[in-house]
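If you're matching them up, the sequences are chains V and E in order.
If you count the first sequence from 1, position 76 lands on 76 in full-length UniProt numbering, and the numbers rise without skipping.
If you count the second sequence from 1, position 215 lands on 215 in full-length UniProt numbering, and the numbers rise without skipping.
A hint or two may mislead.
To be verified - In silico EDC-like links for lysine to aspartate or glutamate, alpha-carbon gap of 20 Å or less:
#1 V:Lys290 / E:Glu622
#2 V:Lys185 / V:Glu126
#3 V:Lys288 / E:Asp512
#4 V:Lys359 / E:Glu622
#5 V:Lys185 / V:Asp173
Just so you know, the hints here were simulated from the structure itself, not pulled from any lab data.
Read off the chains here:
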Amino acid sequence: MTVTATGADIGSEALRPHAEDAFADELAALAAADDRPRPARWRLSPWAVATYLLGGTLPGGTLITPKYVGPRRIVEVAVTTLATDRALLLLGVPGTAKTWVSEHLAAAVSGDSTLLVQGTAGTPEEAIRYGWDYAQLLSRGPSRDALVPSPVMRAMAEGATARVEELTRVPADVQDTLITILSEKTLPIPELGEEVQAVRGFNLIATANDRDRGVNDLSSALRRRFNTVVLPLPATAEAEVDIVSRRVDQLGRSLDLPAAPEGIEEIRRVVTVFRELRDGVTSDGRTKLKSPSGTLSTAEAISVVTNGLALAAHFGDGVLRSGDVAAGILGAVVRDPAADRVVWQEYLETVVRERDGWKDFYRACREVSA
Amino acid sequence: MTTQTAALPGGTAGAGRPDRAWPCEGPLVLGVRHHGPGSARAVLAALDAAEPRAVLVEGPPEGNALLPLAADEGMVPPVALLAHAVDDPGRAAFWPFAEFSPEWVAIRWALARDVAVRFIDLPAAHSLAAAADPSWGDEEDVADDGEPALRVDPIGVLAEAAGYDDPERWWEDVMEHRRGTEATDRAGPVDGAFAPFAAVGEAMAALRERYGHGGHAHDLVREAHMRIQLRAARREFGEEVAVVCGAWHVPALTARSTATADRALLKGLPKVRTETTWVPWTHRRLARLGAPGRGYGAGIESPGWYAHLFSAPDRPVERWMTKVAGLLRDEDRAVSSAHVIEAVRLAVTLAAVRGRPLAGLGETTDAIRAVMCDGSDVPLALVRDRLTVGDVLGEVPDTAPAVPLQRDLARLQRGLRLKPDPLERELELDLRKDTDAARSRLLHRLRILGVGWGSPESGRGSTGTFRETWRLRWEPELYVRVAEAGVWGTTVPTAATAKAESQAVSATALADVTSLAERCLLAELPDALPVVMRALADRAALDADVGHLAEALPALARSLRYGDVRATDTAALGEVAAGLAERVCVGLPPACAGLDADAAAAMRDRLDGVHSAIGLLPQAEELGGRWADVLRRIVLRDAVPGLIRGRAARLLLDDGRLAEGEAARLMGLALSPGTPPAGAAAWIEGFVGGASGGGMLLVHDERLLGLVDAWLTSVPADAFTDVLPLLRRTFSAYEPGVRRTLGELARRGPAAGGPVRAETGVPGFGSGLDEQRADAVLSVLRVILQEERV
Numbered sequence: 001m002t003v004t005a006t007g008a009d010i011g012s013e014a015l016r017p018h019a020e021d022a023f024a025d026e027l028a029a030l031a032a033a034d035d036r037p038r039p040a041r042w043r044l045s046p047w048a049v050a051t052y053l054l055g056g057t058l059p060g061g062t063l064i065t066p067k068y069v070g071p072r073r074i075v076e077v078a079v080t081t082l083a084t085d086r087a088l089l090l091l092g093v094p095g096t097a098k099t100w101v102s103e104h105l106a107a108a109v110s111g112d113s114t115l116l117v118q119g120t121a122g123t124p125e126e127a128i129r130y131g132w133d134y135a136q137l138l139s140r141g142p143s144r145d146a147l148v149p150s151p152v153m154r155a156m157a158e159g160a161t162a163r164v165e166e167l168t169r170v171p172a173d174v175q176d177t178l179i180t181i182l183s184e185k186t187l188p189i190p191e192l193g194e195e196v197q198a199v200r201g202f203n204l205i206a207t208a209n210d211r212d213r214g215v216n217d218l219s220s221a222l223r224r225r226f227n228t229v230v231l232p233l234p235a236t237a238e239a240e241v242d243i244v245s246r247r248v249d250q251l252g253r254s255l256d257l258p259a260a261p262e263g264i265e266e267i268r269r270v271v272t273v274f275r276e277l278r279d280g281v282t283s284d285g286r287t288k289l290k291s292p293s294g295t296l297s298t299a300e301a302i303s304v305v306t307n308g309l310a311l312a313a314h315f316g317d318g319v320l321r322s323g324d325v326a327a328g329i330l331g332a333v334v335r336d337p338a339a340d341r342v343v344w345q346e347y348l349e350t351v352v353r354e355r356d357g358w359k360d361f362y363r364a365c366r367e368v369s370a
Numbered sequence: 001m002t003t004q005t006a007a008l009p010g011g012t013a014g015a016g017r018p019d020r021a022w023p024c025e026g027p028l029v030l031g032v033r034h035h036g037p038g039s040a041r042a043v044l045a046a047l048d049a050a051e052p053r054a055v056l057v058e059g060p061p062e063g064n065a066l067l068p069l070a071a072d073e074g075m076v077p078p079v080a081l082l083a084h085a086v087d088d089p090g091r092a093a094f095w096p097f098a099e100f101s102p103e104w105v106a107i108r109w110a111l112a113r114d115v116a117v118r119f120i121d122l123p124a125a126h127s128l129a130a131a132a133d134p135s136w137g138d139e140e141d142v143a144d145d146g147e148p149a150l151r152v153d154p155i156g157v158l159a160e161a162a163g164y165d166d167p168e169r170w171w172e173d174v175m176e177h178r179r180g181t182e183a184t185d186r187a188g189p190v191d192g193a194f195a196p197f198a199a200v201g202e203a204m205a206a207l208r209e210r211y212g213h214g215g216h217a218h219d220l221v222r223e224a225h226m227r228i229q230l231r232a233a234r235r236e237f238g239e240e241v242a243v244v245c246g247a248w249h250v251p252a253l254t255a256r257s258t259a260t261a262d263r264a265l266l267k268g269l270p271k272v273r274t275e276t277t278w279v280p281w282t283h284r285r286l287a288r289l290g291a292p293g294r295g296y297g298a299g300i301e302s303p304g305w306y307a308h309l310f311s312a313p314d315r316p317v318e319r320w321m322t323k324v325a326g327l328l329r330d331e332d333r334a335v336s337s338a339h340v341i342e343a344v345r346l347a348v349t350l351a352a353v354r355g356r357p358l359a360g361l362g363e364t365t366d367a368i369r370a371v372m373c374d375g376s377d378v379p380l381a382l383v384r385d386r387l388t389v390g391d392v393l394g395e396v397p398d399t400a401p402a403v404p405l406q407r408d409l410a411r412l413q414r415g416l417r418l419k420p421d422p423l424e425r426e427l428e429l430d431l432r433k434d435t436d437a438a439r440s441r442l443l444h445r446l447r448i449l450g451v452g453w454g455s456p457e458s459g460r461g462s463t464g465t466f467r468e469t470w471r472l473r474w475e476p477e478l479y480v481r482v483a484e485a486g487v488w489g490t491t492v493p494t495a496a497t498a499k500a501e502s503q504a505v506s507a508t509a510l511a512d513v514t515s516l517a518e519r520c521l522l523a524e525l526p527d528a529l530p531v532v533m534r535a536l537a538d539r540a541a542l543d544a545d546v547g548h549l550a551e552a553l554p555a556l557a558r559s560l561r562y563g564d565v566r567a568t569d570t571a572a573l574g575e576v577a578a579g580l581a582e583r584v585c586v587g588l589p590p591a592c593a594g595l596d597a598d599a600a601a602a603m604r605d606r607l608d609g610v611h612s613a614i615g616l617l618p619q620a621e622e623l624g625g626r627w628a629d630v631l632r633r634i635v636l637r638d639a640v641p642g643l644i645r646g647r648a649a650r651l652l653l654d655d656g657r658l659a660e661g662e663a664a665r666l667m668g669l670a671l672s673p674g675t676p677p678a679g680a681a682a683w684i685e686g687f688v689g690g691a692s693g694g695g696m697l698l699v700h701d702e703r704l705l706g707l708v709d710a711w712l713t714s715v716p717a718d719a720f721t722d723v724l725p726l727l728r729r730t731f732s733a734y735e736p737g738v739r740r741t742l743g744e745l746a747r748r749g750p751a752a753g754g755p756v757r758a759e760t761g762v763p764g765f766g767s768g769l770d771e772q773r774a775d776a777v778l779s780v781l782r783v784i785l786q787e788e789r790v
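Given only the sequences and the hints, what does the whole structure look like? Please build it.
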């Protein structure tokens with residue numbers, strides 16, 4: 001008893017509790033209200049999982065908060081993919097809540113979001129298959145006791161959902177160990193002459209960034225094992241401004257930057273510029289534009305604004321102005337010095353120059369672009 | 001695309017069962033959704049089961065005479081019944097039929113069995129006489145009450161009651177995805193075939209009770225006419241009559257009313273003389289015709305999908321996925337059978353999660369995106385274009401009456417006294433005269449429609465923009481072309497506008513759109529211009545090759561001038577052209593760097609073209625300044641080939657935008673010993689080469705000539721043979737007189753260049769004024785300037 005109590009205490013004091021702990025009430029309420037068929041070892045039915053992510057009100061009056069704000073279609077396809085026993089690949093530019101969605105999916109489906117492999121350029125095969133406890137191995141020889149299972153292996157044995165973050169960062173040969181796991185649903189252990197067979201309910205959610213340079217693209221053999229869902233950038237400018245200003249606010253507080261009351265106008269401008277260039281069309285939908293090679297994600301907009309705030313606080317009068325963000329925007333947009341510069345100049349001359357109330361911004365941009 | 005056959009799937013082999021009992025009291029009213037494949041299937045089953053003696057279909061009775069053509073072998077849906085006012089072909093209405101339209105299915109069923117079939121809707125003579133344009137369904141009431149927002153969307157209301165947020169999806173689930181399920185089979189084939197119609201009829205009755213005509217005031221008149229026709233049919237054929245009409249009208253047709261009341265409703269309706277014919281239709285136009293969410297009368301989003309649902313004998317999702325995989329494979333995407341299997345599984349499960357009875361278009365599209373397209377929407381757009389909408393084009397037999405476009409053309413030809421003559425002849429037009437301008441418009445419009453009656457010739461002698469020369473020749477096959485063009489509209493201007501708009505949307509190259517814009521201006525199609533201009537602005541924004549932009553600009557500037565001559569409003573065009581010029585200004589300097597000799601020559605021509613074009617634009621003043629900045633940047637960039645730099649310097653000089661002595665400084669720089677002789681020779685070619693009057697410049701500005709002369713003498717002997725061809729190309733293009741003068745100046749020697757610099761005045765001219773010669777010019781100037789103050 002004492003042990004579990006301590007565990008719970010630590011859980012509640014954790015800087016960031018796991019999804020299944022933070023939303024334990026909602027999950028329990030959903031499970032109680034859920035009378036639809038559940039796939040083997042699923043905690044909830046696919047419908048309830050979708051409701052958990054998208055939010056809603058249960059018949060009993062319990063309010064389920066939305067975890068993901070975006071198209072319903074995306075969540076439905078993701079959940080259904082898991083239900084059809086296919087692996088799910090969440091694609092998107094940074095800052096589109098890929099990890100967030102995968103964590104909540106795992107929490108809702110298996111009640112456990114911790115079977116996680118973080119993909120890096122140095123992820124070894126052991127992280128996906130299994131490793132050895134060398135002390136045990138030397139003293140007793142190869143045995144199941146000396147084996148250190150990976151999160152994926154444990155998920156297979158328990159019939160739970162495993163997660164692989166940043167799959168495209170993992171070296172190609174390590175990626176390919178997933179092929180057997182996903183197609184044969186088994187993980188051989190040649191050293192012991194055994195294998196671990198996946199129990200029903202096992203599945204895998206991978207996330208990957210599709211715009212970064214220098215990633216290890218998935219082999220077509222592996223790609224075929226996944227259903228792909230692309231998480232889009234925020235649908236409306238208002239939603240994005242909201243995300244950016246909220247995040248900037250959080251970041252600013254941790255950096256002790258003064259809050260800028262007039263900043264919202266400048267944030268709106270940054271978001272507008274980013275959205276227009278990203279979408280290749282002006283916000284009124286009347287003029288098409290070329291898109292630069294950079295991703296121009298929401299995350300980058302956030303960093304431009306934070307930078308601008310720091311500039312304004314330390315070198316300006318504390319108010320976020322066009323001049324403070326212009327250089328940051330230029331840096332984010334012009335990644336390829338030749339092609340992107342033309343794109344940016346065109347945008348400045350054909351769109352920004354004509355716009356009412358953007359004179360200062362135009363001048364500031366001309367200054368830094370020259 | 002496989003060709004669509006007109007075969008009717010489903011049990012058409014209803015063997016004669018004369019003892020079959022008529023399934024209901026009174027006529028059998030089959031309420032459908034127009035262009036609903038499920039409705040079509042259900043209609044077919046009901047007709048097979050009931051075997052009526054006559055079939056009545058919602059549609060204009062003027063089409064009755066043309067109904068037998070529907071069974072013609074040459075008739076391939078999609079086709080449309082077209083009714084138009086005789087003296088005004090522009091007033092027309094279309095009733096489109098696809099292979100999967102319930103009305104079409106009913107017509108074909110009746111014709112195949114020699115069962116009487118008739119249209120019973122309000123005659124087009126009345127509906128066309130009303131100013132609004134009635135297309136199939138209920139669109140025509142918008143003008144009647146002016147407040148379309150108040151109109152009831154019957155399907156929408158029912159869907160909401162059933163807990164669907166999307167009315168189309170509800171109808172699809174309830175009706176379109178119905179197949180011969182086991183439940184209906186067990187209920188007995190007869191009851192099973194009529195059950196859905198009974199349900200729809202009841203639902204609509206409840207709606208009509210609540211909403212009355214629901215904002216479709218005009219419907220009451222139409223329904224009165226339908227009832228009158230229905231009574232007539234019952235007198236003739238007895239009770240065994242089937243009616244196929246929009247579900248909305250079902251309660252009105254089954255309700256009791258007196259013939260007198262109905263006739264009263266129809267009294268005093270306006271009337272016009274009309275003609276009807278069949279015209280070929282396309283899936284794309286089916287999809288375009290109406291706004292989605294506008295009841296069931298309007299267009300449909302996914303004709304290709306519906307055609308598939310209708311024609312697939314079984315397993316529609318599997319067959320659809322296989323089709324999609326085939327399309328993607330043709331486009332070189334690796335799609336295996338495993339992909340198809342997984343896509344089908346995902347679609348079916350997705351439907352279950354969403355609580356739908358069968359995977360619909362939404363589910364299949366989501367599954368295709370996730371499994372076959374790696375989550376990307378790009379290949380999906382292809383699927384939508386080729387399959388979901390589809391490329392199907394209908395055909396109409398030759399025996400169908402002439403299209404109204406032909407009549408309109410004949411009328412115009414009479415009015416303009418332009419006889420279609422098979423003998424070739426030349427026609428001179430003076431656009432300042434009204435008749436000639438109208439003739440020119442007609443010929444240009446016909447060219448847009450692909451009817452090559454006249455071809456423009458470059459005018460003899462006169463180069464004025466108000467003159468046009470045409471070569472006319474009417475070939476018999478042009479009648480066929482006109483018939484083909486009938487798809488686009490009923491009058492020459494509307495058809496040309498529609499075709500131009502369609503071309504603008506589908507054009508991929510910038511040059512295509514610019515030439516289209518030019519043709520639209522020539523043909524005076526102001527309604528097409530906004531679409532063309534939008535397409536132009538879009539293409540210009542996305543075209544990464546500044547060369548294309550630069551080449552497009554002169555054509556646009558030219559178009560602006562046509563616009564002036566023809567007094568059309570070219571403000572939008574001017575705006576687009578200015579935008580294009582801006583983009584050229586931004587993109588040109590980087591595009592000039594690092595070119596070989598041929599590319600540099602091409603770029604020099606573009607520079608010239610853009611330069612003169614910018615001078616013609618309405619915003620010339622402002623743009624000219626920016627353009628000069630661009631030229632200055634080009635002049636100073638070493639990475640730009642000498643040819644282009646020289647030409648840029650020259651253009652600046654001609655515009656008076658180079659400060660005094662600056663041209664000489666630039667030339668000195670370009671010809672300084674550090675520059676390779678070939679580069680310097682190219683600079684000279686760019687600066688004074690070609691037929692641009694460069695020779696005169698050298699004659700008059702001896703400073704420049706001195707610089708050239710000094711450079712030429714300093715070229716090392718071994719390099720001289722290399723630059724000789726370049727120099728020859730430059731100087732041989734001069735007029736003989738100029739060449740001679742230059743030779744004399746050169747013989748006089750460089751010393752002559754010296755004193756010029758010391759003098760004041762315009763570079764190249766002597767100082768002071770020769771009073772005598774100036775006086776001689778003055779009187780001529782007065783005449784030219786019309787006696788104004790000189």
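Unmet hints by their number, sorted upward, for this structure
As far as the earlier hints go, only 1 is violated by this structure.
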